[in-house]
Amino acid sequence: TGDSSGAMMTEALLAVYPDIFKAGSSFAGVPAGCWSAGWSAASNWGGTCASGNYTQTAQQWGDRVRAMYPGYSGYRPRAQLFHGDADATISYKNLAEGIKEWTNVLGLSTNPTSRRRD
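In terms of our numbering, the sequence shown is residues 15 to 132.
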């Protein structure tokens, strides 16, 4: 489990070490591999990604994760993603990108088949 930069690390660890982790929960993070997008010396923490300005298709995100452990064909950890829309540092847009990424990695549809309202 992680929040903000810890959430980024959570998603990265799920991608890099699927053979070690069973699941992870990310609070206000970014998709695995996104932190390096737009890197420069002036923005060494990946501001392009944090601001929600780095988008890919579900397939591209999934391929990014799969490339972090080439040839791995075992169990993939489950991911639970949370993000509030008032975060001024890590854009809420990253939630949608993370959903695309992990549904692709896990072979799930991005369209829910049921909904539950409490």
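Be aware that one or more of the hints could be misleading.
[Claimed, not checked] Simulated DEER-style distance windows between Cβ atoms: (1) ASP99 to ILE34: 14 to 22 Å; (2) MET23 to THR127: 14 to 22 Å; (3) THR124 to ASP101: 17 to 25 Å; (4) SER65 to GLY20: 13 to 21 Å; (5) GLN74 to GLY20: 32 to 40 Å.
No lab work stands behind these hints: they were computed from the structure. Heads up, the beta-carbon is just placed ideally off N, CA and C, and yes, glycines get one too.
Now the hints, each set against the structure:
One distance hint, 14 to 22 Å for the beta-carbon pair ASP99 and ILE34, is violated here, with the actual separation near 32 Å. The beta-carbon spacing between MET23 and THR127, approximately 31 Å, falls outside the hinted interval of 14 to 22 Å. Checking the proposed 17 to 25 Å range against THR124 and ASP101 shows it holds: the Cβ atoms sit about 22 Å from each other. Taken as a hint, the range 13 to 21 Å holds for the pair SER65 and GLY20, whose Cβ atoms sit roughly 19 Å apart.
The beta-carbon spacing between GLN74 and GLY20, approximately 25 Å, falls outside the hinted interval of 32 to 40 Å.
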